[in-house]
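> Protein chains in written order, with the numbering used here: chain F, 1 to 526; chain L, 1 to 343.
What the hints contain is simulated information worked out from the structure, not anything from laboratory work. Each statement offered as a hint is correct.
Label-pair ranges, simulated between beta-carbon atoms:
no.: 1; chain 1: L; residue 1: Q272; chain 2: F; residue 2: A395; range: 16 to 24 Å
no.: 2; chain 1: L; residue 1: Q272; chain 2: F; residue 2: S194; range: 39 to 47 Å
no.: 3; chain 1: F; residue 1: S165; chain 2: L; residue 2: A50; range: 55 to 63 Å
no.: 4; chain 1: F; residue 1: A232; chain 2: L; residue 2: L326; range: 48 to 56 Å
Glycine included, each C-beta is placed from N, C-alpha and C at the ideal position.
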Amino acid sequence: MNDAEPFDAAPQGPWSRFARAFDARAGSRWAWRALLLCIGLAVLAPWLANERPYFVSLRDAQGYREALALLEPVSRGFVRETLAAQAAGGAVARARSAAERRALEHALASVERGLGGESAALPARDALAAIRASLREFEAAAGAGDAAAIAAGAVRLQDSIASASRPLALRSAQEPAGVELVAQRSWPLLAALSAADLIALCLWLGLVGWGTWTRCLPRRTLLARGLFLLLASAALGGCLALALPKPPTQVGESWAARVAADPHSRAVFAPIAFGPNQTDLQAATQAPSWGASAAEHGRHWCGTDALGRDQLARLLHAGRTSFSVALLASALILGIGAALGLCAGALRGFADFAVSRLIELLQAFPTLVLLLGLISLLPSSAANSRWTVPLVIAAIGWTHIARLARAQALRVRESDFVRAALAAGFSPARVLWFHVLPNSLGPVWVAASFVLSAGLVLESSAAFLGFGVQHPAPSWGGLLAQARGGDAWWLALFPGLWLFAAILCIHLVGEGVRDALDPRDETRAP
Amino acid sequence: MIGYCLRRLAWMLPTLLLATLVAFALLHLAPGSPVDARGEGSESQGIGSAAAVERFRREHLLDQPIWRQYLNYLGPFDLSPRGHASFGGSGERPWGGVLCGDLGGELLQPGVRVGEQIAQRLSITLPLMAAALLLGYAIAIPLGVFSAVRRGTRGERVLSYAGFLLYAVPVFWAGLLLQVAFGRRGLDWLPVLWPAGASELRPVLAASILPVVCSGYAVAVYVARQTRASMLEVLGSDWIRTLRARGIPERTIVWRHALRNASAPLCVHLGQVIPALVAGSVLVETIFDIPGMGTYLYRGLTLREYDVVTGVVLVCAGFACLGLLLSDLLHAALDPRVRDERR
Numbered sequence: 001m002n003d004a005e006p007f008d009a010a011p012q013g014p015w016s017r018f019a020r021a022f023d024a025r026a027g028s029r030w031a032w033r034a035l036l037l038c039i040g041l042a043v044l045a046p047w048l049a050n051e052r053p054y055f056v057s058l059r060d061a062q063g064y065r066e067a068l069a070l071l072e073p074v075s076r077g078f079v080r081e082t083l084a085a086q087a088a089g090g091a092v093a094r095a096r097s098a099a100e101r102r103a104l105e106h107a108l109a110s111v112e113r114g115l116g117g118e119s120a121a122l123p124a125r126d127a128l129a130a131i132r133a134s135l136r137e138f139e140a141a142a143g144a145g146d147a148a149a150i151a152a153g154a155v156r157l158q159d160s161i162a163s164a165s166r167p168l169a170l171r172s173a174q175e176p177a178g179v180e181l182v183a184q185r186s187w188p189l190l191a192a193l194s195a196a197d198l199i200a201l202c203l204w205l206g207l208v209g210w211g212t213w214t215r216c217l218p219r220r221t222l223l224a225r226g227l228f229l230l231l232a233s234a235a236l237g238g239c240l241a242l243a244l245p246k247p248p249t250q251v252g253e254s255w256a257a258r259v260a261a262d263p264h265s266r267a268v269f270a271p272i273a274f275g276p277n278q279t280d281l282q283a284a285t286q287a288p289s290w291g292a293s294a295a296e297h298g299r300h301w302c303g304t305d306a307l308g309r310d311q312l313a314r315l316l317h318a319g320r321t322s323f324s325v326a327l328l329a330s331a332l333i334l335g336i337g338a339a340l341g342l343c344a345g346a347l348r349g350f351a352d353f354a355v356s357r358l359i360e361l362l363q364a365f366p367t368l369v370l371l372l373g374l375i376s377l378l379p380s381s382a383a384n385s386r387w388t389v390p391l392v393i394a395a396i397g398w399t400h401i402a403r404l405a406r407a408q409a410l411r412v413r414e415s416d417f418v419r420a421a422l423a424a425g426f427s428p429a430r431v432l433w434f435h436v437l438p439n440s441l442g443p444v445w446v447a448a449s450f451v452l453s454a455g456l457v458l459e460s461s462a463a464f465l466g467f468g469v470q471h472p473a474p475s476w477g478g479l480l481a482q483a484r485g486g487d488a489w490w491l492a493l494f495p496g497l498w499l500f501a502a503i504l505c506i507h508l509v510g511e512g513v514r515d516a517l518d519p520r521d522e523t524r525a526p
Numbered sequence: 001m002i003g004y005c006l007r008r009l010a011w012m013l014p015t016l017l018l019a020t021l022v023a024f025a026l027l028h029l030a031p032g033s034p035v036d037a038r039g040e041g042s043e044s045q046g047i048g049s050a051a052a053v054e055r056f057r058r059e060h061l062l063d064q065p066i067w068r069q070y071l072n073y074l075g076p077f078d079l080s081p082r083g084h085a086s087f088g089g090s091g092e093r094p095w096g097g098v099l100c101g102d103l104g105g106e107l108l109q110p111g112v113r114v115g116e117q118i119a120q121r122l123s124i125t126l127p128l129m130a131a132a133l134l135l136g137y138a139i140a141i142p143l144g145v146f147s148a149v150r151r152g153t154r155g156e157r158v159l160s161y162a163g164f165l166l167y168a169v170p171v172f173w174a175g176l177l178l179q180v181a182f183g184r185r186g187l188d189w190l191p192v193l194w195p196a197g198a199s200e201l202r203p204v205l206a207a208s209i210l211p212v213v214c215s216g217y218a219v220a221v222y223v224a225r226q227t228r229a230s231m232l233e234v235l236g237s238d239w240i241r242t243l244r245a246r247g248i249p250e251r252t253i254v255w256r257h258a259l260r261n262a263s264a265p266l267c268v269h270l271g272q273v274i275p276a277l278v279a280g281s282v283l284v285e286t287i288f289d290i291p292g293m294g295t296y297l298y299r300g301l302t303l304r305e306y307d308v309v310t311g312v313v314l315v316c317a318g319f320a321c322l323g324l325l326l327s328d329l330l331h332a333a334l335d336p337r338v339r340d341e342r343r
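So that you can see chain F by itself, here it is in the shape it has in the complex:
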């Protein structure tokens, strides 16, 4: 990785030699960086384009008003269900009563959180304590099973909630005696991130900062470092996901509207303050607004589609779908193809016959036709899964890699060092793993990047035809499908441009890998 080091100190595995050769070329280095940027934009999409703010300081951040409005109907439902459970008994009635109890507890807790710890709200706190006390009384009566006490407890619970409505009400111009809410801080964007998001982020940061962190660790081979990165980012991402705050109560209005409604609020929004699926029919099919005269519905750098969704936000999030499908599919293709091809080439016999016939059969169909056929045949439950498309692409795309690996294995099998190893008494499994495998994989790695770009194109083609990963997850191909007919140039230009850039970077990296692996220029297309 570092040219300044003395040669004998550098690690000597084939992986490390490959990494040095790859790094030595400026073109492939820059292509790798650009590809990392492309993937990074996809990984960072929720940070860059999100309708939730990073940070918000709002008076009603926890939904105090809504929780307060819910108290009375929920308590009434709780009383009704408890009485029904008393009368009829049975597990179902008890479960419904318990669900109502939880809803009531949730509303009470929301109100309590909204009040904060300020002493200014003392009457409100007393009212809340009264509600809780009557709730406990009612439950005790219900537990004892005394019908008269239950009825009295229910009346007291309703009364306490009714009498609490005044001290708990928000202060307004008409009634200045109510509660003054304290501004509360929350981190809605962080809370909405999933563990997969965070693991992907750690992985990406590890790849970007590769040179930095590898220098701090004891010297190991490239493979060991890669494994360490995988494990460490999985652990770190998982811990972060556990440590981050849980999502706040869902509220109907958008964050932007709530921030605008509260004059004392402060909020830091993402650079693109639109979610990928946030519709705004007022702003449907708008051309990009770049200049100072931003459109009245907010600035859309890449325009909006027919439902008023911001195209830039959708583009960024679409990269997540497309890259995850392509990366997963190509990993599977490499694994399946190399394994089957090596077995066929090294073992010959029936394995060779079966694999070769299977390859011929699969290659008799055009790939896209086969892909569409398989996806359309799956039951809708499987078709909606996010794993379906990569699995199907892998199931039909491994033939090229398998042919390459088979041809290589056939060649290596006849070479002297394999004969020598076998003659020396090594078991065939050992020879396959340590001698045939490493010496057959060169062309497979060269083809790997083209497998990745083919995966991107296949996924986008399928999504373009409506057979891709299901809505609402956007995908580059799905975004392009909206542009048919040529009426809105921005819908056609930007998603394709992004796809094009990604494919171009992958091709360039592939050229670099080819040059690094095979300086003799042997595997170049004839």
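Use these hints to put chain L onto chain F, whose structure you have.
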């Protein structure tokens, strides 16, 4: 040579048979059926009642085991209730199936034969594909030869960078950009969608320019790369140096000797270009709304029309096999070594 062709054609039959078997099995083993697709909101056709569904299933053999359905599809005996007498039918239509040249009928539109539909749609798709292929090769070979001969010059470098960029452009994006550029909102030069029900030549020709350019460019970019690589390899060989030493004009060397030797690998690539064109036709025809094979396949897949999908897949596989045969024959015609091997 004729014997070789016949042998190759005979080998195509098991492949095609297997292709129909696989397509048929996949379609019929998948959950969901055209009866479900048809039952939704089509009360007017009388399919809603249980008795009608039962009759529909019996007529189309959907209640039979799958091997019987496949035999019925394959032919030559018709196994339906009105089929051959020796298989329990009434004997009205004794023969049928693929072996008799009948690709079946559409389930949702009784009376429409898949074979006729495919023939009609092929009459649109085939000329488009042939034109794209010709256009692609006509652009690619001179460009490839140029960039191999003028290796290292500025023009060649620009060309190969442009080729590298264009190689990364997905076909459907190219189609959409062409639509935007030449459509109503752009230059407004050409129609971007196929004229519905057109019978005159002029509008059809005008509408087919963009699709042909769109699929032809993909062929051209691919073939130009291969031509360049192949030419470079040939031009570096010893016998070319010998020809130069004998004082043969450079033009003759390049176009007669080198290109002829370099074109053998190109013929092999023809076998890959044709299936790619077939697959690309689904995309291109969807973009430009062309009533061809691609859109027919698309319709068959979305409506779960068994015979449509199997028929189109059969024809596609046939084209792929024919493409391989064609490339082998061309290869043999251009390269005596290959020809001798096959004797």
